[in-house]
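K.L.:
Listed below, chain by chain, are the residues.
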Amino acid sequence: MADIISEYEDRLPIKILGEIKNNLPKGISDSKLKKIMEAVYDEYSNAKAHPGESVGLIAAESIGEPGTQMTLNTFHFAGVAEMNVTLGLPRIIEILDGRKELDNPMMEIYLKKPYASGKKVEELRHLALQIKETKLKDISTEFTINIADFTIEVSLDKDKMKEIELTNSKVMDAILKQLKGYNIKDNKDSLVLKARSKEDVFNDAYKTKEKIKGITVKGIKGISQVLPVKREDEFVIITAGSNLADVLQLEEVDAYRTTTNNIFEIEQVLGIEAARQSIINEIFKVIESQGLNVDVRHIMLVADTMCVSGTLKGITRYGVVSDKSSVLARASFETPIKHIINAALVGEVDNLDSVVENVMVNQPVPIGTGLPSLAVKAPQKAKEK
Amino acid sequence: MTEVYLNSKFAGSVDNPIEFVQKIREERRKGTISENLNVYYNENTNDIQLESSKGRARRPLIIVKDGTPLLTERHIKQLEKNEISWSDLVKQGVIEYLDAAEEENSLVAFFESELTPEHTHLEITPLAMLGYCTSLVPYGNFNQSTRLNAGSKNQKQALGFYASNFAVRMDMDVNMLHYPQKPVVSTIINDISDYDKHPAGQNIVVAIMSYKGYNMEDAIILNKGSIERGLGRSTYYRPSTAEELRYAGGLIDQICIPDKDVKGYKTEKDYRFLEDDGIIYAEAKIKEGDVVIGKTSPPRFLSSMEEYSLASSTRRESSVNLKHGEEGIVDFVMITENEEGNKLIQVKVRDERVPEVGDKFTSRHGQKGVVGLIVPQGDMPFSASGIVPDLIFSHHGIPSRMTISHLIEMIAGKTGALAGRYINGTAFDAEPEEKLRKELLSLGFRESGVETLYNGQTGEQYHAKIFIGSMYYLKLKHMVANKIHSRARGPIQLLTRQPTEGRAKEGGLRLGEMEKDTFVAHGASLLLKERFDSDRTIVPVCESCGIIAIKDNYKNKSYCPVCGENVEINDIEISYAFKLMLDEFKSLGIYPKLQLESKY
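Top to bottom, those sequences are chains A and B.
Following this note's numbering, the numbering of the first sequence begins with 5 at its first residue and continues without gaps.
Following this note's numbering, the numbering of the second sequence begins with 3 at its first residue and continues without gaps.
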């Protein structure tokens, strides 16, 4: 049995072979298995795109046409916390451009078993507080500079600190970690910062005063809002702002399912394969939310082209398009002068291998019926005649 | 202290703003202050804005004092007798104009019955909220505002009787409707604006039904008999003008029949309608290409004349001829001179336009449509009394658009036509529909307006009763004759050798970027190439330097401008646009080297 399947190893993908193996009834006869394998192989080759099929263009049309019907709105999360979600065309553009900074970065943090049940509300709240970024200015009422001895006094909002489970010492630790060259004195209701160096300049103190306002005293940097949501029977924390690397460090977080909508971050933390899958998921999510119907394989192709080089590249003149080998193709996309001048400087050769160049010079495009050509060289005599 | 601003500039301050504003208004009504001044007291910001600048939108209202309007029966009687006019009422302080700001300070009642002591003004008529074209829509208050908008927009494009001296006017691109009628169902604005003196439509019998699907998607069906009787017939006038321009050096254009040795001489046939003065005669039947005014111009460059001055008559032909696709009869020739004293000729060409498939018609309710079929009268449905509709309108145009006024006009028009009277359809103040229905019943018709119709081709009775009535229809200025266009071969652009663009230049229809994509998506590579072959050229290329070579057909040999004659030169087929791009590269100092390779 095994050798019948292994015969097909270089003709069928491993995944399909695995599925066949797992689903075969026990003690199947060799002749039956052969028939199954043949049927599967036929199905598989029928499903493959034909050589010379312009898959890229068909993908572009298949995504582009429904795209004209998409709304340009961003939607708002109803609820306590005001959270925006970019959806529709702007989001698709954001993904395809491969942007590093998103309009509305978001995370979906899944939790490990005991925490996910949400039975202990206090625990969940505690966790949410641990994730949400609290800046120094959020827990203080006043920042004052004492001109006499160039100290900065931060008056603390004790009620708020209690609410989010913060103590003076924790705040002091956080400040010391992120601000060098200062000593802190704890005055219970306030903290007094004094520079260690003697060269006290007022401007310096003023700058530090502004700087310490943004110091993260608790939580994960970049996560501005936290919203625990019940999904089926577990609690998921949805956040505004994204910081995948730091969130995955948390013990309670289920690292296998936690995601962010920032594809660039996924690429950095989890690698290019994860980024590819995430592009597919994100685009598909948008298309689905608009009630449109696009085959995933088109999206997969787009995701593949964005990721083949090993790093995430947007479909822009700096990304995927800059990788095209043809000068004319690049020039016909955007900034033609730049491309032609650079090509002239290094003496680039355009082999007229793809579509746009051939349309420009009015030659059959190497697609479909224009693809095949003679492989045999005509004998010299015949040519002369 | 309240600040006072005059036209948004600080002017001073007052202690008692209410009294101040009151006083200004009183003085304005008395006439001591200009009636163009408006006052607005803003309680929130506690300031007074006085406005007298140009360009504010203002509207007239009747002034109300202690719950009674100042406009009395006496005024109305005087108005009827023509003893006083509108401006007298304004002068007397009965009516005043408010701008948007002052309206904020006033309380306006819609009807007299609604008046309370708090009210400061009374609306003259609800019709005042509609514009000129919109208030021409009968029963317009039954419609959605968007339809009303569409209806008034359509009326602006209607062909009509725009001026009674049209025969001696030289207007560009105008149409005259042949038998304009005044609408049976009209509004008060029709009377006020003397619409009857320049009407723009015809009262016709309309049936709402389908006819073999030829009125799908807003199309309409016309009765051929009606067209032959003059329905929607119009004349299109287009003038041609020519001027004897003066050039530097005392040279001048000449209006004459061009000599045969003039540069660019057409054929003798083209000039056949010209009289001795070089101008066409009236009532000449002309077609495209025929010369209307013969004209020659001096050579374009003086120097070129000096260099090759073999003959002094290297004048250019610059006659005015009928453009592509046009035809008509010369209506009127005018010879005059322009401001600079140059001879100016204007020729008006007329073309009779009988309605044809593709012409656009509309009712006054935004129900526009294009003629889909012209049916011989014998094949049209007919009613028991022998009435044959002039036009068949599709029932699918009604539910989604909800133009109730369209339906009411049909009832009203039917009643009016049968009773022999005009019907007032003014919005908010029309003859009630119920009354019309009762009258229709008394005239011997079903009060619902439906009738039994018979199939014109088989004589069978239609199962459904058909809603049929009379209404006012307009022919719009968009006619196929001005738009029809096709091309198989034709002129090309000089620079790119690609087909020209646009109907006037007999241009091609562009196969654009996205259309190209569909060819690629189908893998129809060779078809794509064929479609883009319009500017294909065969050029010789030098194999050694890769630059386009020169082919000397006279000596029958090719040579390269760089490498000379002893190189291999081969012909390639490329688009002229690409050859042009290569030339542009060369002019930029970029060397585009072609490396030839056998494709097969």
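Don't read these hints as lab results, they were simulated from the structure.
Do not take every clue at face value.
[Stated by the list, open to error] Which stretches of chain A does chain B cover? Using the computed rule of at least three CB atoms under 8 Å from a CB of chain B, they are:
1. 172 to 185
2. 250 to 260
[As the list claims (entries may be wrong)] Some residues of chain A that are not near chain B, with every Cβ distance over 10 Å (derived):
3. K25
4. E65
5. N108
6. D357
Since the structure is predicted, the reported quantities are computational estimates derived from the model, not experimental observations.
Ideal Cβ placement from N, Cα and C applies to all residues, glycine included.
K.L.:
Give a verdict on every hint.
P.N.:
Verification of the hints:
1. 172 to 185: This one is violated; 0 residues, fewer than the three required, reach chain B with a Cβ under 8 Å.
2. 250 to 260: violated (count 0)
3. K25: 37 Å, holds
4. E65: 6 Å, violated
5. N108: Since the minimum Cβ distance to chain B is about 32 Å, N108/A lies beyond 10 Å and the statement holds.
6. D357: 12 Å, holds
Checked against the numbered hints above, the structure violates hints 1, 2 and 4; every other hint is satisfied.
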